[in-house]
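Undergrad: One letter stands for each residue in the lines below.
2 protein chains.
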Amino acid sequence: MKAQKWSQMWLGYHRVSKDNKNWKVICNDFSKEDRVVNSAIAEFAKGIKGYFGAGITEDDGDVYVLEIIKDTSIANEGYSIKGEKSGVTLRASDENGVIYGVFAILRKLGARIRLEDICEKAAPSNPLRMMNHWDNMDGSIERGYSGESFFFENDDMYVDERTVDYARFMASVGINGIVINNVNVKGAATYLITDRFFDKVKELQDIFADYGIKLYLSINFAAPIELGGLEVCDPLDEGVIAWWQAKSKEVFEKLPGFGGYLVKADSEGRPGPFTYGRTQADGANMLADAVAPYGGIIIWRCFVYNCTQDWRDYKTDRARAGYDYFKDFDGEYHDNVILQIKNGPMDFQIREPISPLLGGLTKTNQLLEVQIAQEYTGHQIDLCYLIPMFKEVLDFRTYCSEENDTVADIVSGRTMGNKLAGMAAVINTGNDFNWTGNDLAAANLYGFGRLAYNTELSSEEIAREWVALTFDMDKASEDKLTDMLLKSREIYEKYTSPLGIGWMVTPHVHYGPSVDGYEYSRWGTYHRADHKGIGVDRSDKGTGYAQQYYEPNASAYNDPEKCPEELLLFFHHIPYTWKLKSGQTLIQYIYDSHFEGEAEAEQLAADWNSLKDVVDSEVFARVAERFELQVANAKEWRDQVNSYFFRKSDIADEKGRKIY
Amino acid sequence: MKAQKWSQMWLGYHRVSKDNKNWKVICNDFSKEDRVVNSAIAEFAKGIKGYFGAGITEDDGDVYVLEIIKDTSIANEGYSIKGEKSGVTLRASDENGVIYGVFAILRKLGARIRLEDICEKAAPSNPLRMMNHWDNMDGSIERGYSGESFFFENDDMYVDERTVDYARFMASVGINGIVINNVNVKGAATYLITDRFFDKVKELQDIFADYGIKLYLSINFAAPIELGGLEVCDPLDEGVIAWWQAKSKEVFEKLPGFGGYLVKADSEGRPGPFTYGRTQADGANMLADAVAPYGGIIIWRCFVYNCTQDWRDYKTDRARAGYDYFKDFDGEYHDNVILQIKNGPMDFQIREPISPLLGGLTKTNQLLEVQIAQEYTGHQIDLCYLIPMFKEVLDFRTYCSEENDTVADIVSGRTMGNKLAGMAAVINTGNDFNWTGNDLAAANLYGFGRLAYNTELSSEEIAREWVALTFDMDKASEDKLTDMLLKSREIYEKYTSPLGIGWMVTPHVHYGPSVDGYEYSRWGTYHRADHKGIGVDRSDKGTGYAQQYYEPNASAYNDPEKCPEELLLFFHHIPYTWKLKSGQTLIQYIYDSHFEGEAEAEQLAADWNSLKDVVDSEVFARVAERFELQVANAKEWRDQVNSYFFRKSDIADEKGRKIY
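These protein sequence lines are chains A and B, in that order.
So the first sequence is residues 1 to 660, counted in full-length UniProt numbering.
So the second sequence is residues 1 to 660, counted in full-length UniProt numbering.
The reader is advised that the hints may include incorrect statements.
Treat identical chains as interchangeable: a pair holds within one or across any two.
[As the list claims (entries may be wrong)] 27 Å max Cα-Cα, derived BS3-like pairs, lysine-lysine:
{"#": "1", "residue 1": "Lys655", "residue 2": "Lys315"}
{"#": "2", "residue 1": "Lys254", "residue 2": "Lys5"}
{"#": "3", "residue 1": "Lys254", "residue 2": "Lys655"}
{"#": "4", "residue 1": "Lys532", "residue 2": "Lys579"}
{"#": "5", "residue 1": "Lys655", "residue 2": "Lys532"}
{"#": "6", "residue 1": "Lys541", "residue 2": "Lys658"}
{"#": "7", "residue 1": "Lys70", "residue 2": "Lys363"}
{"#": "8", "residue 1": "Lys363", "residue 2": "Lys18"}
{"#": "9", "residue 1": "Lys541", "residue 2": "Lys315"}
{"#": "10", "residue 1": "Lys532", "residue 2": "Lys658"}
{"#": "11", "residue 1": "Lys635", "residue 2": "Lys532"}
FYI, nobody ran anything at the bench for these hints, they're computed from the structure.
The model shown is predicted, which means the values in this text are computed figures rather than measured ones.
Pulled out of the complex, with its shape left as it was, chain A reads as follows (with noise of 0.2 Å):
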């Protein structure tokens, strides 16, 4: 075997059969020649030879066929397949619909079912499918945590044949759009709509088209003032405007196909339109009219709160602000602008409600924002597979009509009949040999593409699919994978904050526990813990941001009898001896979650260590480094959660374990 650079991640295509029976293509309506038709078949090369030993072939005779047949009546960027002991047909009424329908057959081939049974018709669940990179272009990684960059180093781009391989990974979970430089825009990535990287930007837009995936760049609000030299970058300024149109202009003529801007204004000490007296509709609205003539469109981020606020202040609630801030101008907002929103009001906890902005918003193009970086949820050292989180959020009922209130119904287009719409996550990749630093982290890269195809996929299908990609190992090995996968979002949730709470990470780094290390702090961020309870009153005696939300879910937050429990300390302030639902007191159930997530971390690194005769030993030995990380950073998080809430409430627990 060749040294890699990188792994292949679920494209491995390892050896599932000795049927190697060579392939014949044959295309209606569509040409080979077609770039990502042309990359759909080298791919379907590569996974026959993978699989079987198998080629593809010219010749007729005794070979396979995959005929691929150019159908209106296909969605966009669907396909359907459908298998015969002579082969495979797959229709599409695009390319994206190919190389979608191309990667579907590969996967029932991985997953060992007989061409005869092959039978899938796909469209995808949502129009924007989108990666958001926060790549630095000095190589680091805003929370990345799988190495640097593999677009940008000293403030340079590079496209390589990693790049490629890159572009395939995304295309095989039907990514179409990725954001490749981070929301923050400093120093060069200023220039990137600039001379300085037309080129390079182009040479990556290029492999990326090969593949169905439009780029779009984060752009700096400021870019008028530092690229411009305007004394301005107010979004109804006349020379502002004017400057943002030639600008739009020169990038689309130099970047052909290109998607349009990302945009974080206002937000972290970011410009923005505030500072002229504007709104957010105004700063979107501007850009918007300066890329509508080239197709291309604004994402505006609707990440916006007060960063410098005071603890002492029990009135102003984080919570509430993107609502606060977003919902006026509901309506106004230009046909071509689609905010994009964090899936909970605060920031990628590992248990928040979800943002009331979704669904709040009824007349405005909504992206829902999710993270599989793990910047909250165990920085790729800790397993935690997030794809259970995502479907609560989509699966979520928002109340904002009588049917298709759901999440999922929102940002797919199906509420409101809009064609901007979709989904985003901010990416867990790097540099890495494995992209992701711990490799099971990729079940999350695998899985928000997947779940962004399609919104119907479970947790448990998605998990299934990529460990028999992944790995070749047997049926109960996959089981128990599967099934370490699907409990560790809860196990990592039970050792860290409880019930909702959220926040009690290491400041800035925001790995390992830290139970005060946001509370004294300028972030919104507080737990309000003291002698007799714990939580913040968002109910309407306290913040009211209970109230942002539809009935009947505004009364159910209201009340702490009625309140979903994991929710319970985010909505309201609760005595240590409130009876849980189980019985258990609360600071009884602070115990026990924290020493039960504990033991499951153990438990989860003995599951992993039972794989190792059938994993391969360098991904093994990866994995079983990260998992002792796991299960220290969970014996810390236990003390400190239960010292801290012992020494404050001098409860003892129950059951007598040991606190320190």
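Using the hints, position chain B against chain A.
TA: For chain B alone, coordinates are given in the frame of chain A:
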């Protein structure tokens, strides 16, 4: 006035009189060309020019006379000055005595003392009076709050007019040794003892020598590996011994008059003898033998402790570490080794007991280390005049012998009759215009030097000298500023950590409160606060640290009833309801001291504002800005500490003040 690039601090020589009669300088048995004498006369010229507008003349006639006489009856580096109407006579046995005598005359003249009233005889209390720079070669300064290094930048050294002024300042307060680089020696700094830097170091050393100052370097204990290509740096390895011998020969040949090495070994990740199962004495003595032929010395830091402690471990006590690691080898250190011992057993907190190693060692040269860089004492934003703290340290009776048992006795050499003894300060300078960030922080720079030279001076005498020399204002204003300085340490202590517990600071940064910031850390820094009380039991029932002292200190510290209250929480875990001698409970003391401390910080700011008309406007503005920050900091400390203990103890403030 010409634009200055940096201030002259206390050597501003502001005009004191219109009597501009010139001076004639006569030297007996010294030559005006002697390098330090030459500097002294040049300084005298600067002084009389500033004070009087006078000059030095060779003419006789109507002139004052400064007569410098070599007098071998005067102690090393001492001086005798005696004025009469016609001038002043300065007697000294060596060149350093001459320059110190000149600065003493200038101090008197600056204080408007009449010539005929000048009369002082002085001899340095301490043979070594040193500054330790924590300057890194990239220009940064570890724990620096006054800009960047004025020695290093971009891995190179520079020497310029500012360096000369720096040497003048140091000589003016009696400093005779300076370590120019950080004790954490990494990267380029390892090469300071190689040809790469010898020329530059020599250039700097020559400037220092003009002012009677020896230059020292911090070295990397692993230099034999990093520079010499050896496999080990084991101090008993013959190759290592030979390497250091050859290297030291080279160093002293290239740098004639070089002082020696400062070593931080086996501390906070630095390499050291422990790696090879050797003792600290093995390491120090090996190096000492290598420099002995050239009159060099080894300054060996005692800051050795376990910095990967488990917070769950109530037995291990960082406070014990210095004594435990070094006491057993008392008497084994070679004569040219001196142990540098921090004033307290922890790390420069605003209140600690005196290190039991001081005087605990009775057969070893000891150098007291203090920190005027305000790492834990307000970052040169908050006013904190540290001389009262240093006085407490010097005046502390260790009971190591029947007489001459104070720390001042020990580090002066009086206790043991040793010659190698003294005081060192981690310096608070940088390349800021005013050298010390906060102009008022210069009082600590001035004060340390003066105190190291004469430990009998009171905090007030030093403060008054510094105020008079630095500012040109009326007596009432001088009194006010002096009073501000004298109160400031107590004020800082009040609004920060109570009763000696320390460490409630923001991790890493060490500015601002974070009550639990170091509570669950690896640094051995815990307060152990729970619902009932706070403090660390270091009595014979706890870690036994109190027993490292001689009697009667050991018994006093061991008993909470006898323990000095300002150290109560350092030595004991005390219930919040404990009655202090004032009648306050412990918790009420915490509240009261924090409210008082904050109010007093506001008063300091108000006092400074009242000096607006008598202080240079730029100085006023710089300091006023810092007082604003100090008040904000004091509020944050007050509120976080009070909230933390109220939330934990559930005991209300008797006075009903606002606690969040």
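Undergrad: Each of the hints needs a verdict: does it hold here or not?
TA: Results for each hint:
In the homo-oligomer, the alpha carbons of lysine 655 and lysine 315 lie at most 27 Å apart only across protomers (25 Å), although the nearest pairing inside one protomer, at 38 Å, exceeds that limit. In this assembly of identical chains, lysine 254 and lysine 5 lie within 27 Å of each other by CA distance neither inside one copy nor across copies; the values are 32 Å within and 49 Å between. In this homomeric assembly, lysine 254 and lysine 655 never come within 27 Å of each other (Cα to Cα): the closest approach is 68 Å inside a single copy and 70 Å across copies. Proximity of lysine 532 to lysine 579 under the C-alpha cut-off of 27 Å is found in both arrangements, the shortest distances being 14 Å within a copy and 25 Å between copies.
In this assembly of identical chains, the alpha carbons of lysine 655 and lysine 532 lie at most 27 Å apart whether taken from the same copy (21 Å) or from different copies (22 Å). Proximity of lysine 541 to lysine 658 under the C-alpha cut-off of 27 Å is restricted to the inter-copy arrangement: shortest distance 21 Å between copies versus 38 Å within a copy. Neither within a single protomer nor between protomers do lysine 70 and lysine 363 lie at most 27 Å apart by alpha-carbon distance, with minima of 35 Å and 94 Å respectively. Proximity of lysine 363 and lysine 18 under a CA criterion of 27 Å is satisfied in neither setting, with 55 Å inside one chain copy and 83 Å between copies.
Taking identical chains as interchangeable, the C-alpha atoms of lysine 541 and lysine 315 lie at most 27 Å apart only when both belong to the same chain, with a minimum of 10 Å there against 47 Å between chains. Taking CA atoms no more than 27 Å apart as the test, lysine 532 paired with lysine 658 passes in both settings, with 22 Å inside one copy and 19 Å between copies. Both within a single protomer and between protomers do lysine 635 and lysine 532 lie at most 27 Å apart by alpha-carbon distance, with minima of 25 Å and 25 Å respectively.
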